[in-house]
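Produce the entire structure from the sequences given, and follow the hints as far as they go.
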Amino acid sequence: MIFSDESQKTIDAYLGALRRELRGPVEDDVEDIVEEIRAHILDKTSGVAATGTLAATLASLGTPKELASRYHADDLLLRAQVTRSPFVSLRSLFRWATLSFVGLAVFLVSVVGYSLGGGLVVIAGLKLVWPHATGLWMEFYPDGSPKSASAGFGSGYSYQPPPGREVLGWWLVPAGLVLGAALLFLTFRFGTWCIRKFWRPRVWSRGAVAVPEL
Amino acid sequence: MVTANVPATSDSAEKWEVQLRKGSLELAILAALWEGRLYGLEILRHLESNSDLIVVEGTVYPLLNRLRVLGLVESEWVESEFGHPRKYYRLTTGGRQRALEMTRIWDRFSASMSNLLAPLGKELKQEIKMRQEKP
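Read top to bottom, the protein sequences are chains A and B. Heads up: the first sequence runs through residues 1 to 214, numbered per the working numbering. Heads up: the second sequence runs through residues 1 to 135, numbered per the working numbering.
Hint data in this document are derived by calculation from the structure and do not stem from the laboratory. Incorrect hints may have been included.
[To be verified] Subject to a maximum C-alpha distance of 27 Å in a straight line, what follows is the list of computed BS3-like cross-link-like pairs (lysine-lysine):
| no. | chain 1 | residue 1 | chain 2 | residue 2 |
| --- | --- | --- | --- | --- |
| 1 | A | K44 | B | K22 |
| 2 | A | K65 | B | K134 |
| 3 | B | K87 | A | K65 |
| 4 | B | K87 | A | K9 |
| 5 | B | K122 | B | K134 |
| 6 | A | K197 | B | K22 |
| 7 | B | K15 | B | K122 |
| 8 | B | K87 | A | K44 |
| 9 | B | K15 | B | K125 |
| 10 | A | K65 | B | K15 |
Following this line, the structure appears as structure tokens:
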């Protein structure tokens, strides 16, 4: 199919604008979507490359912004429902955070949750590598009451543990793993629950399905 | 009772019909793919020739993408004789199950609504008859 330069420029401009508007939750699929729309335009206009046909085809697709918004409409919710990946969930939450204060709050809570959960798992791992430099140290008064507590994380053989007695010992490993995994899981569920509960997708533009004359 | 000065399809009725058609579009697309794989434009043409659903083109592709993310359809790019590849869709096993499930619900809902609307249907027939009798 050979288009005039002007038609080709129109198609490229439309697809370029669509590519820009699609940035967001569907980012992984942007090129796939753009190529599918390109194929649609070529199929619709093949044989009759008149500008009018091209214009009518583009009009039927809607503006790039309208078309992209239909892809975005419930994408966040959809991906949050089907994903089992915390990374996809967090990326959806980040996108939500850019759109509303509720999204921002959920995103920040999730970041804290993932950081704490991930941190506990890492500490459990460090205990295995540097057992003498990782743990929870406490100092006690002579009567047995706690004086101070400080956490230490292994950072090599030159690391000096804090003063006092390390109280958790090897329990730090299972405790860190269980608590960390639980926190990661709960944070993931919290994020998806909030999206289902509070996310309001942008409505599809009117006229998505035309009503024929009765 | 339908009064004479009420238009055949008011604005609010038209909006309701649009919502109804939009709601049934997912089932319509799954049904279009029941017999085998189709690409986007073929799906649009299938819907237009087999129903009075006139689907705006910019709607069907985002919906197909949604069905793909949900795992109800799968897609593949196939080279065509026209010099550009086309993205074909086919139902997955889950998509076939969903289509059957939706059809069952549709049939049940449609039958129960038909019973409920039977008296209105008689009224509507009388009104049409009266209109036809008027000069």
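Legend entry - Satisfaction of hint between B:K134 and B:K122, Cα-Cα up to 27 Å: Holds, at roughly 19 Å.
Inset, instruction - Starting from B:K87, check that the Cα of A:K9 is at most 27 Å away, please. - result: holds (23 Å)
Inset, instruction - Given the hint that A:K197 pairs with B:K22, test it: the Cα-Cα distance must not exceed 27 Å. - result: Since the Cα atoms of A:K197 and B:K22 sit roughly 23 Å apart, the hinted pair holds (cutoff 27 Å).
Legend entry - Straight-line alpha-carbon gap B:K15 to B:K125, limit 27 Å: Roughly 24 Å between the alpha carbons, so the hint for B:K15 and B:K125 holds.
Inset, instruction - Verify the proposed pairing of A:K44 with B:K22, using a straight-line Cα cut of 27 Å. - result: Answer holds: A:K44 to B:K22 is near 23 Å, not above 27 Å.
Legend entry - Pair hint A:K65 and B:K134, alpha-carbon separation not exceeding 27 Å: violated (50 Å)
Legend entry - 27 Å Cα cutoff - pair B:K87, A:K44: Distance of about 14 Å is within 27 Å: holds.
Inset, instruction - Verify the proposed pairing of B:K87 with A:K65, using a straight-line Cα cut of 27 Å. - result: holds (22 Å)
Inset, instruction - Sort out whether B:K15 lies within 27 Å of A:K65, counting only the CA atoms. - result: Roughly 23 Å between the alpha carbons, so the hint for A:K65 and B:K15 holds.
Inset, instruction - Mind checking the alpha carbons of B:K15 and B:K122 for me, to see if they're no more than 27 Å apart? - result: OK: B:K15 and B:K122 at ~24 Å, within 27 Å.
In summary, the structure is inconsistent with hint 2 from the numbered list given earlier, while agreeing with all the others.
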